[in-house]
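Keeping their order, the protein sequence lines are chains S and U. Okay, so the first sequence: first residue is 1105 according to the numbering used here, each after it adds one. Okay, so the second sequence: first residue is 18 according to the numbering used here, each after it adds one.
Don't read these hints as lab results, they were simulated from the structure. Mixed in with the good hints there might be a few duds.
[Stated by the list, open to error] Computed list of lysine-lysine pairs in BS3-like fashion (alpha-carbon distance at most 25 Å, straight line):
| # | chain 1 | residue 1 | chain 2 | residue 2 |
| --- | --- | --- | --- | --- |
| 1 | S | K1161 | S | K1113 |
| 2 | S | K1161 | S | K1175 |
| 3 | U | K85 | S | K1113 |
| 4 | S | K1175 | S | K1113 |
| 5 | U | K18 | U | K85 |
| 6 | S | K1113 | U | K18 |
[Stated by the list, open to error] Ranges between beta-carbon positions, derived for each pair:
| # | chain 1 | residue 1 | chain 2 | residue 2 | range |
| --- | --- | --- | --- | --- | --- |
| 7 | U | K59 | S | T1190 | 36 to 42 Å |
| 8 | S | F1114 | U | S63 | 19 to 25 Å |
| 9 | S | S1122 | U | I24 | 35 to 41 Å |
| 10 | S | A1106 | U | V30 | 33 to 39 Å |
| 11 | S | M1123 | U | R72 | 22 to 28 Å |
| 12 | S | V1116 | U | G100 | 28 to 34 Å |
| 13 | U | P57 | S | G1120 | 38 to 44 Å |
| 14 | S | L1199 | U | D56 | 21 to 27 Å |
| 15 | U | P57 | S | L1199 | 44 to 50 Å |
| 16 | U | P99 | S | R1181 | 18 to 24 Å |
| 17 | S | G1120 | U | S63 | 35 to 41 Å |
| 18 | U | R72 | S | G1120 | 47 to 53 Å |
Every residue, glycine too, gets a C-beta built ideally from N, C-alpha and C.
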Amino acid sequence: NAGVTQTPKFQVLKTGQSMTLQCAQDMNHNSMYWYRQDPGMGLRLIYYSASEGTTDKGEVPNGYNVSRLNKREFSLRLESAAPSQTSVYFCASRLNTGYEQYFGPGTRLTVT
Amino acid sequence: KQEVTQIPAALSVPEGENLVLNCSFTDSAIYNLQWFRQDPGKGLTSLLLIQSSQREQTSGRLNASLDKSSGRSTLYIAASQPGDSATYLCAASRRTGANNLFFGTGTRLTVIP
């Protein structure tokens, strides 16, 4: 099993550009999450999806959109990138009957 | 909202020493508490998970405890090794629909050979 995979690993954008971060899991998990990690702050939840076809906002959703394409894939889209969105983005997944969250390797995004 | 605090922010110890990392949380109605390790520039590796009904979990040289009434968890590392050098993150989840994790800012551990 690959677990949780994320692409790309690194990305540099100019202000106003758009991009989609991809996440996939092969553990047949129900719930999937997008977090961002900024220096001096704990990881914060952007959006989550409790099951295929459902998505909900987390703590810091502004400037982002998500799509739960199927049970395996959960993408995060920045429509018009801003320097404040410079961060490391982590995707995670969890089986709804379980407790543990499993994290991907992260995407390092810089917006100039 | 669940607030999670980790003190100290950084810790240096000589190799072989036993050490304790601390985590406190504000909402005692937690669903579970998870400890992670993060190496520089890398993702999060889950170390231990303690369910709300449990008091502790052990894996090798690691032991994590949970005291919901006082809002505290500790991660005990026995016989520390230079390979243990990393940032350790604690995260608590609440009994909500998302069951998402609320993270502390971490303790950066350096084990000196």
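Verification of the supplied hints:
Between K1161/S and K1113/S, the direct Cα distance comes to roughly 24 Å. Compliance with the 25 Å bound is thereby established for this hinted pair. Our distance criterion of 25 Å between C-alpha atoms is met by K1161/S and K1175/S, whose separation comes to about 18 Å. For the given pair, K85/U sits about 37 Å from K1113/S by alpha-carbon distance, which is inconsistent with the 25 Å threshold. Of the supplied pair hints, the one linking K1175/S and K1113/S holds, its CA atoms being roughly 22 Å apart against a limit of 25 Å.
Annotation: proposed proximity of K18/U to K85/U holds, straight-line Cα distance about 16 Å (limit 25 Å). For the suggested pair K1113/S and K18/U, the alpha carbons sit about 31 Å apart, so the restraint of at most 25 Å is broken. Range check, K59/U to T1190/S: about 19 Å between beta-carbon atoms, so the 36 to 42 Å window is missed. For the pair F1114/S and S63/U, the supplied restraint of 19 to 25 Å holds, since their beta-carbon distance comes to about 24 Å.
Here the CB-CB span from S1122/S to I24/U is close to 40 Å, well matched to the stated 35 to 41 Å. Roughly 35 Å separates the CB atoms of A1106/S and V30/U, a value that falls within the hinted 33 to 39 Å. Hint check: M1123/S to R72/U, Cβ distance near 45 Å, so the stated range 22 to 28 Å is violated. Against the hinted window of 28 to 34 Å, the Cβ-Cβ separation of V1116/S and G100/U comes to about 32 Å, which satisfies the hint.
For the pair P57/U and G1120/S, the supplied restraint of 38 to 44 Å is violated, since their beta-carbon distance comes to about 31 Å. Evaluation of the 21 to 27 Å hint for L1199/S and D56/U yields a pass: the beta carbon distance comes to about 25 Å. A C-beta distance of roughly 29 Å is found between P57/U and L1199/S, which places it outside the suggested range of 44 to 50 Å. Remark: the range hint 18 to 24 Å for P99/U to R1181/S is contradicted by a beta-carbon distance near 41 Å.
Separation of G1120/S from S63/U is about 37 Å and conforms to the stated range, judged on CB atoms against 35 to 41 Å. Distance hint check: the CB atoms of R72/U and G1120/S are about 52 Å apart, consistent with the given range 47 to 53 Å.
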